[in-house]
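Please model the entire structure based on the sequences and the hints provided.
If you read the protein sequences in the order shown, they are chains A and B.
Under this note's numbering, the first residue of the first sequence is numbered 1, with each subsequent residue one higher.
Under this note's numbering, the first residue of the second sequence is numbered 295, with each subsequent residue one higher.
Since the hints were derived computationally from the structure, they do not count as laboratory data.
Every residue gets a Cβ at the ideal spot worked out from N, C-alpha and C, and that includes glycine.
Derived CB-CB ranges, DEER-like:
id: 1; chain 1: A; residue 1: 118; chain 2: B; residue 2: 356; range: 33 to 39 Å
id: 2; chain 1: B; residue 1: 307; chain 2: A; residue 2: 20; range: 17 to 23 Å
id: 3; chain 1: B; residue 1: 332; chain 2: A; residue 2: 178; range: 42 to 48 Å
Here are the chains, one letter per residue:
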Amino acid sequence: MKSYKELPDDAGSNIIGQVTAQANRLTKRLASIKRTVAIMSGKGGVGKSAVTANLATALTLAGYTVGVVDADINGPTIAKMMGVRNATLEYTSAGVKPAISSLGTKIISMDLLLSEDDAPVLWSAHTQKDAFTWRSTMEVGALREFIGDTEWGELDYLLLDLPPGSDRLPNVAELIPNLGGVIVVTIPSEVSHLIVRKSITMARDIFKVPIIGIVENMAFYACKHCGEHESLFSPEDTPDNTFQVTTLGKIPFDPKLSHCNDNGTPYIHEYPDSLASAAILEVTQKIQDFFKYY
Amino acid sequence: MKFLCIDCDTAMKFKDVTRPEQGSVTAVFECPDCFTEIAMFLNPWETQMLKSLDLKLGGSGEAAQPMQMVRSQLETAKQDSMPNVSSEMGSGETAEGGKCPFTAVISDAFEEKPESEPEGPTWTPEALERLERIPSFVRPMAKMGIESFAKENGHTEITGEVMDAARGNFPAQF
Ligand SMILES: Nc1ncnc2c1ncn2[C@@H]1O[C@H](COP(=O)(O)OP(=O)(O)OP(=O)(O)O)[C@@H](O)[C@H]1O
Ligand SMILES: [Mg+2]
Chain A
1 MKSYKELPDD AGSNIIGQVT AQANRLTKRL ASIKRTVAIM SGKGGVGKSA
51 VTANLATALT LAGYTVGVVD ADINGPTIAK MMGVRNATLE YTSAGVKPAI
101 SSLGTKIISM DLLLSEDDAP VLWSAHTQKD AFTWRSTMEV GALREFIGDT
151 EWGELDYLLL DLPPGSDRLP NVAELIPNLG GVIVVTIPSE VSHLIVRKSI
201 TMARDIFKVP IIGIVENMAF YACKHCGEHE SLFSPEDTPD NTFQVTTLGK
251 IPFDPKLSHC NDNGTPYIHE YPDSLASAAI LEVTQKIQDF FKYY
Chain B
295 MKFLCIDCDT AMKFKDVTRP EQGSVTAVFE CPDCFTEIAM FLNPWETQML
345 KSLDLKLGGS GEAAQPMQMV RSQLETAKQD SMPNVSSEMG SGETAEGGKC
395 PFTAVISDAF EEKPESEPEG PTWTPEALER LERIPSFVRP MAKMGIESFA
445 KENGHTEITG EVMDAARGNF PAQF
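Structure follows, in structure tokens:
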């Protein structure tokens with residue numbers, strides 16, 4: 001009787017071929033993207049999406065062609081922050097045309113596919129019971145399609161706004177073998193620092209992904225009357241060598257930044273002279289330097 | 295997965311995939327020499343696994359459509375985010391329907407709503423309790439099997455005895 005190895009193929013399903021075709025689609029798309037940057041954090045709510053949206057805008061204003069993938073499949077916020085929630089995606093044989101912000105940044109997000117504000121991401125299944133066994137596989141599939149099936153054209157930068165925690169990083173590192181680097185966003189609290197350290201170890205030591213640096217968000221609050229800097233979290237400044245990686249910038253808390261995110265208007269374009277804009281531009285400059293020297 | 299016709303010592307070929315029942319898909323394989331056919335049943339859990347990997351039984355057929363997995367599997371999708379795929383992609387069939395037999399079959403599987411299921415035999419509390427003890431991912435298949443066994447044998451009520459009688463037909467213990 002013949003053995004497994006002696007049978008020529010898997011009865012015609014060609015599963016290996018199908019998986020290879022998926023990988024090839026992605027590889028082909030990635031070939032026209034110069035640099036990919038994943039924005040991650042340890043904890044949630046520290047401002048990853050706000051930082052991603054503003055860095056994307058800053059890089060676009062600096063003359064680069066920029067795309068953003070909202071890799072937070074279940075909690076997508078990038079479309080709102082970048083003012084494209086009402087965009088309708090267009091499908092062609094070459095791929096899906098991304099939404100484009102008022103300044104020209106290209107955006108893909110699950111938010112653009114969901115039916116209404118209250119709609120969660122619900123995948124078709126005979127039963128949602130035991131969904132934990134396959135949901136994550138669906139999410140990675142969605143991410144693969146977002147990166148690989150969007151008609152980005154030639155991009156200088158593709159930024160990925162990751163969900164909180166470090167869970168999604170392994171998937172991103174696998175989908176994008178030449179991932180340019182990771183930016184880790186944190187706030188100046190020991191609670192956040194504790195978790196950020198784990199994300200850094202995960203990225204640098206386990207997945208060998210280059211770390212571009214740390215962005216300290218909501219680093220301080222400048223009093224609008226006297227201009228004095230007050231801390232919002234820890235009273236101590238975070239020393240630059242706390243995480244043994246470069247600090248790219250310290251972005252202050254600015255209610256206007258939050259309003260801009262809520263309204264989908266580009267903060268650094270509206271308030272170019274603010275302290276937060278200066279910090280965002282400093283981060284943008286350091287990202288460019290990183291890719292110049294890296 | 296490979297299948298061998300032991301009599302002919304020949305690799306069997308994928309022939310067809312049938313409409314799913316309660317999320318469970320049936321694939322048919324045939325021996326090219328003696329034309330013996332066998333059916334492979336995927337339980338809903340296995341079916342879902344294939345779907346989540348965007349893999350198709352019997353091969354993918356056509357070239358991939360952009361974001362086909364998200365477009366065919368996202369239940370809470372906006373209508374205008376799922377237009378018909380342009381004619382270059384196929385023959386203008388809906389994204390959900392697709393041309394691939396498996397995609398089509400799978401999409402149909404989701405439309406099954408428990409409310410619209412035909413009236414089946416009733417379950418006694420004792421039988422239901424035993425059903426609950428079956429691992430959840432094989433339970434729908436076991437339930438379906440027991441119900442069709444009951445129907446074929448003229449039982450309108452599923453009791454412990456009916457389950458015992460049906461037991462021989464299933465790999466799962468209950
Ligand atoms: N420097 C800042 N000044 C004022 N508001 C800010 C600043 N950074 C972020 N925010 C606001 O804080 C809130 C949380 O930020 P954001 O959604 O970007 O966090 P996140 O890390 O992406 O969250 P999640 O982990 O849920 O993805 C948002 O309303 C955002 O507009
Ligand atoms: Mg976010």
